[in-house]
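Peer 1: Given next are the chains, with one letter for each unit.
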Amino acid sequence: MTRLLDLYRHRALIGVLTSRELKARYRGSVLGYFWSLLNPLLMLAVYALVFEVLLPNRSPGTSPYALFLFTGLLPWNWLASSLTDAASSLLVSGALLKKVLFPAEVLPVVAVASQAVHFLLALPILLAGLLAGALGLFGPAVPLGWPLLQVPVLFVLQGLFLLGIGLFLAALTVHFRDTRDILGTALSLWFFATPILYNLADLKGHGVARLLAWNPVAPLFAAWREALFFGRWITPSAWGLLLLLSLGSFAVGWAFFDRLRDSFPEAV
Amino acid sequence: MLAPSEVVPALTDVSFRVEKGETFGVVGANGCGKSTLLKLVAGIFRPTSGRLEVDGKVSALIELGAGFHPEISGRENAVINGVMLGLTRHEIERKLPAIIEFSGLSEFIDQPVKTYSSGMYVRLGFAVAIHVDPAILVVDEVLAVGDEAFAHRCLDTIHEMSARGKTILFVTHALSLVEELCDRVLYLDHGREKLAGEPREVLAAYRLDVSAGEGVRLAGLHSRDQEALRESPEREARGEVTGADPAPEAVGGPDEPRETPPRAGAADPGPSPGADAPAAERPRRWGDRSAEITGCRLLDASGSERYAFRSGEPLTVEIDVVPRRPLDDFVIGIGLFTPEDLCVHGTNTDVDGLVPELLDAPATVRVSLPRCDLGAGTYLLDVAVHSRRETPYDYWRGACRFRVDSPVADAGVYRPERRWTSSGGVRWRTP
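Protein chains in written order, with numbering that gives the first Met the number 0: chain A, 0 to 267; chain B, 0 to 430.
Worth flagging that the hints you see were computed from the coordinates, not collected in a lab.
Any given hint could be a false lead.
Claimed, not checked - Simulated crosslink set (SDA-like; lysine to any residue; CA at most 25 Å straight-line): (1) A:K97 - B:V82; (2) B:K94 - B:H68; (3) A:K97 - B:T35; (4) B:K56 - B:V82; (5) A:K97 - B:R93; (6) B:K56 - A:L100; (7) A:K97 - B:S34; (8) A:K22 - A:A115; (9) A:K22 - B:R93; (10) A:K22 - B:P111; (11) A:K22 - A:L122; (12) A:K22 - B:R88; (13) B:K113 - B:P69; (14) B:K56 - A:P102; (15) A:K97 - B:G49; (16) B:K56 - A:R10; (17) A:K97 - B:L357; (18) B:K56 - B:R93.
Could you put the whole structure together from the sequences, leaning on the hints where they help?
Peer 2: What follows is the structure, given as structure tokens:
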């Protein structure tokens with residue numbers, strides 16, 4: 000528990016390391032920070048091309064499909080890249096753990112935090128898209144209004160959820176390096192198992208729908224959709240579930256990480 | 000994860016206490032646990048058993064510039080490094096000018112550190128680490144990098160910190176530095192505490208052990224040479240070498256490095272028939288083997304075989320000679336060389352006035368030096384048996400290798416007894 004307070008004490012360190020990550024990432028590239036905006040747009044273009052033109056989506060509830068996709072893809076990008084970075088964060092900075100007195104938990108936290116910044120940078124693009132959608136530029140008008148206020152809360156909950164899994168994966172990878180290799184495939188399976196390309200409600204009746212309901216991030220992505228795309232308020236029971244999942248993830252991830260902490264300097 | 004058999008305890012039964020303001024040195028061979036000890040003190044590792052108490056903020060100069068990011072500037076890295084070492088952003092911004100000044104990198108401070116040389120990297124790392132203002136400074140062999148001027152600066156800083164009452168833990172292989180800086184020294188051997196106390200005493204013990212260790216290694220080389228020697232008569236019997244032919248025959252194995260370059264023939268105690276041969280092809284052993292050297296050993300005062308000596312100790316060379324036929328003309332000689340092939344001393348029975356009468360059975364000849372006043376270093380011994388007209392029977396270069404250790408850091412191959420006296424306006428502090 001005192002360690003958790005330490006994590007708060009290290010906020011300056013987390014801050015400088017996160018800004019270092021961001022600075023270093025775009026140093027030397029011509030477009031710099033624009034990539035944070037451009038990348039999701041390009042990805043959106045690819046998915047829109049595939050699912051609007053090549054394999055047209057037939058569910059009426061998901062129209063306009065480009066916006067529908069975007070509201071799922073952005074949080075997913077944050078999830079996938081955070082976890083990938085977090086999983087190798089301890090190994091990449093092995094020198095720090097071995098040679099300097101360095102709080103190891105800071106590393107996966109920085110991985111999640113710097114990807115959160117990318118997410119926040121892309122958010123204005125999404126809002127612009129939603130505004131255009133509300134004006135009916137993409138077909139049926141998207142409802143846009145007060146339910147957007149739920150976004151900051153969802154952001155915090157997803158952050159907490161990712162910290163938990165990130166800490167868990169970081170600690171696991173130190174002792175079980177295969178994690179990094181498995182993670183890529185696992186993430187793409189997870190992507191299709193999460194209601195991003197489709198609406199979970201559209202699968203009612205399928206046997207697989209009941210299986211997919213067990214996906215721990217399904218409620219989170221459904222909630223993003225509710226707030227951003229459908230413009231609805233999330234029900235209190237859904238909030239309760241989200242809070243439970245996020246706190247649970249963080250508690251388990253932290254406990255696992257803390258348990259293995261002393262082994263890191265020698266094992267990385 | 001490591002299997003239990005792969006786990007080696009790095010430190011066992013080590014116990015010490017360093018008072019505030021002390022400078023404490025740790026010495027020992029590579030892998031003896033010095034760095035592990037420092038990492039324990041720095042809090043990087045945690046002891047698996049035992050107790051460790053550290054009172055005060057530690058700054059560890061173990062890996063300078065660890066965590067520098069190559070893509071961003073020296074200035075930004077210095078800030079981040081300072082925060083990593085426990086400063087607040089505000090403190091580090093305030094100290095930044097002093098850090099940059101100390102590092103001497105003001106021209107390059109806004110370049111990405113990937114453009115820095117390793118020396119510059121370390122300078123910046125050191126500059127940040129000492130500006131953290133720790134109560135305890137842990138220094139692990141970091142002064143070896145950086146140029147001379149910067150090394151002096153680092154040493155000055157360490158002196159200054161020690162004068163300001165900081166506690167310093169210090170690991171280095173530069174023993175003279177330990178002697179200069181430390182109040183007390185701990186000598187670790189295979190993760191165990193061997194000795195702790197006054198630097199002079201501990202370092203003398205350490206130096207002696209190091210040379211004894213080398214003695215074991217040299218003895219190993221020696222027995223290999225001796226085995227090679229035992230093989231050579233068989234080769235002769237197979238007719239690979241004709242007895243009358245003084246053609247060179249290398250005795251060492253094919254992979255034996257020829258560590259002795261050719262030497263001036265005039266310096267040899269015996270004949271050197273290979274003098275006109277191309278330098279690289281000079282043999283290690285030659286002669287017609289009318290008499291053969293079958294063994295050569297170094298003995299200490301108690302008569303036991305040894306290849307590491309302390310300067311001034313008695314030393315005896317023992318040579319086994321087997322004649323093939325009765326000889327009335329024979330001289331037995333030794334020559335002492337440095338690895339750089341400087342002849343330190345050469346003598347033989349003839350020079351020393353022993354007149355040969357008969358050698359008709361296996362014999363052992365000893366020459367004793369009551370005081371071997373050689374300076375610290377490795378030496379090579381040549382042994383030879385030849386005729387008085389210098390026809391070689393068996394000349395063997397580098398038959399023995401041994402190590403001499405000096406109790407103090409004097410220089411050269413000769414270590415005479417000496418006494419300093421003075422008069423007039425000069426005074427010496429009594430130790």
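Peer 1: Determine for every hint whether it applies to the structure shown.
Peer 2: Taking the hints in turn, this is what the structure says about them:
| no. | hint | verdict |
| --- | --- | --- |
| 1 | A:K97 - B:V82 | 18 Å, holds |
| 2 | B:K94 - B:H68 | 20 Å, holds |
| 3 | A:K97 - B:T35 | 10 Å, holds |
| 4 | B:K56 - B:V82 | 14 Å, holds |
| 5 | A:K97 - B:R93 | 29 Å, violated |
| 6 | B:K56 - A:L100 | 11 Å, holds |
| 7 | A:K97 - B:S34 | 11 Å, holds |
| 8 | A:K22 - A:A115 | 15 Å, holds |
| 9 | A:K22 - B:R93 | 22 Å, holds |
| 10 | A:K22 - B:P111 | 11 Å, holds |
| 11 | A:K22 - A:L122 | 19 Å, holds |
| 12 | A:K22 - B:R88 | 17 Å, holds |
| 13 | B:K113 - B:P69 | 4 Å, holds |
| 14 | B:K56 - A:P102 | 15 Å, holds |
| 15 | A:K97 - B:G49 | 21 Å, holds |
| 16 | B:K56 - A:R10 | 19 Å, holds |
| 17 | A:K97 - B:L357 | 70 Å, violated |
| 18 | B:K56 - B:R93 | 20 Å, holds |
Going down the numbered hints, you'll see the structure goes against 5, 17, while the others check out.
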